[in-house]
Amino acid sequence: MSVADRLVSYFAPADNSARTIQGELAVSNPAAEASIAGDSHAGQTGGLLPDIKISGQPLVQDMGQGHGDLEEEGRPPYFHAMIAGGLGGSTGDMLMHSLDTVKTRQQGDPHIPPKYTSLGSSYYTIWRQEGIRRGLYGGWVPALGGSFPGTMLFFGTYEWSKRFLIDHGLQHHLAYLTAGLLGDFAGSIVYVPSEVLKTRMQLQGRYNNPYFKSGYNYKGTIDAARTIVRHEGPAALFYGYQATLYRDLPFSALQFMFWEQFHAWARQYKQSRDIGVPLELLTGGLAGSLAGVMTCPLDVVKTRLQTQVHPDLLPKENKPAAKGAAHISTAKSQTRNISTSSPSTHTPRPGAVNLQTSSVITGLKVIYQTEGISGWFRGVGPRGVWTFIQSGTMLFLYQRILKQLEVWDSAAERESSI
Numbered sequence: 001m002s003v004a005d006r007l008v009s010y011f012a013p014a015d016n017s018a019r020t021i022q023g024e025l026a027v028s029n030p031a032a033e034a035s036i037a038g039d040s041h042a043g044q045t046g047g048l049l050p051d052i053k054i055s056g057q058p059l060v061q062d063m064g065q066g067h068g069d070l071e072e073e074g075r076p077p078y079f080h081a082m083i084a085g086g087l088g089g090s091t092g093d094m095l096m097h098s099l100d101t102v103k104t105r106q107q108g109d110p111h112i113p114p115k116y117t118s119l120g121s122s123y124y125t126i127w128r129q130e131g132i133r134r135g136l137y138g139g140w141v142p143a144l145g146g147s148f149p150g151t152m153l154f155f156g157t158y159e160w161s162k163r164f165l166i167d168h169g170l171q172h173h174l175a176y177l178t179a180g181l182l183g184d185f186a187g188s189i190v191y192v193p194s195e196v197l198k199t200r201m202q203l204q205g206r207y208n209n210p211y212f213k214s215g216y217n218y219k220g221t222i223d224a225a226r227t228i229v230r231h232e233g234p235a236a237l238f239y240g241y242q243a244t245l246y247r248d249l250p251f252s253a254l255q256f257m258f259w260e261q262f263h264a265w266a267r268q269y270k271q272s273r274d275i276g277v278p279l280e281l282l283t284g285g286l287a288g289s290l291a292g293v294m295t296c297p298l299d300v301v302k303t304r305l306q307t308q309v310h311p312d313l314l315p316k317e318n319k320p321a322a323k324g325a326a327h328i329s330t331a332k333s334q335t336r337n338i339s340t341s342s343p344s345t346h347t348p349r350p351g352a353v354n355l356q357t358s359s360v361i362t363g364l365k366v367i368y369q370t371e372g373i374s375g376w377f378r379g380v381g382p383r384g385v386w387t388f389i390q391s392g393t394m395l396f397l398y399q400r401i402l403k404q405l406e407v408w409d410s411a412a413e414r415e416s417s418i
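So the sequence shown is residues 1 to 418, counted in this note's numbering.
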């Protein structure tokens, strides 16, 4: 087979008949299969490279053909995928909510010099002054209210899109990439409004907070939603929607493409659908961390765009607030935009250039011209850690809950057949 034919076979879906013939050859004569695989690999590399194998198969063959066999082993019902995804995603988000709160305070701190600087001191300050429930876990109600249905929509859309694209002949890696992008877009319809509420509640902390003046002072989640709609309009609940998509769509697309690939390799390495707890945590964590590192430039420019101070929006004079609307800032009077999605782990350095633009591409150019490539990757370490933990937790629970739902379904079928 020529190199061109091999490239075509890699980017095209594997033929079912070819897989069947290969399977029969493996059963009838394992030695012959090993010989053919070795000759094929040697022919492709010219004998210059050693045979790199995973579970007895060449790596090139594994990447091109392994997905089809694993994909056909079982597809969970959509409802199972949505329930497992909702529980896994919301658990991961709740686990990391305190870090989210600290980063939101850092990004939205209007004080000069800022009150919240390093991660450790910010954690301690918020915990000591405001406690856990109203401080570090402020805004957890809207966070949970958006995370569970948002991840349900994500996994339902992801599973449907992935199967549709693969069944219609799209190469597996591209199918995973596209399905992840579509899934995050579907979930954003729910999680962006909840993130607006959550972020403002995180900035506010407790009601009538004496320790941090954020410009917001809501009695609770329902009061926050009513006040925002009444004073700023329903569109304010989707504030930052476009900027959120710029970062989160590429992240989710890469995350799930990597996870599907890592998971396929792990299953072939273990020769089983059950790869065990360590590998489940590792594959999910690595997928999220790698995607987080690769999208760090988008995270940096998104944070700069949403946290830069606009002098033209500064209030000319302090006006007394209307009765019953104390400490409520409207969209026009808000001078510092803050993130409305998963926490950015980038905090602009003191004196960082003000981008003076709303364009992501222009922002990337300005940061590169003024700070170099290192400016694109400021905060890459914390971002990699955050995405590793959150992604590992979410995908581990997703797989475990799917397996448990499958067990319950099988038991129910056996009982009904008796």
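A couple of the hints might just be wrong.
[As the list claims (entries may be wrong)] Derived pair list, reagent style EDC-like, types lysine to aspartate or glutamate, alpha-carbon separation capped at 16 angstroms: (1) LYS213 to GLU280; (2) LYS403 to GLU280; (3) LYS403 to ASP274; (4) LYS115 to GLU130; (5) LYS270 to GLU280.
[What the hints assert, rightly or not] Derived DEER-like restraints, expressed as beta-carbon distance ranges: (6) TRP127 to TRP408: 35 to 41 angstroms; (7) SER417 to TRP127: 50 to 56 angstroms; (8) ARG133 to ILE189: 35 to 41 angstroms.
If you are wondering where the hints come from, they were derived from the structure by calculation, not from laboratory data.
All C-beta atoms in this analysis are idealised placements derived from N, C-alpha and C, irrespective of residue type, glycine included.
Results of checking the hints against the structure:
no., hint, verdict
1, LYS213 to GLU280, "violated (43 angstroms)"
2, LYS403 to GLU280, "holds (13 angstroms)"
3, LYS403 to ASP274, "holds (9 angstroms)"
4, LYS115 to GLU130, "holds (14 angstroms)"
5, LYS270 to GLU280, "holds (12 angstroms)"
6, TRP127 to TRP408: 35 to 41 angstroms, "holds (40 angstroms)"
7, SER417 to TRP127: 50 to 56 angstroms, "holds (55 angstroms)"
8, ARG133 to ILE189: 35 to 41 angstroms, "violated (29 angstroms)"
Going down the numbered hints, you'll see the structure goes against 1 and 8, while the others check out.
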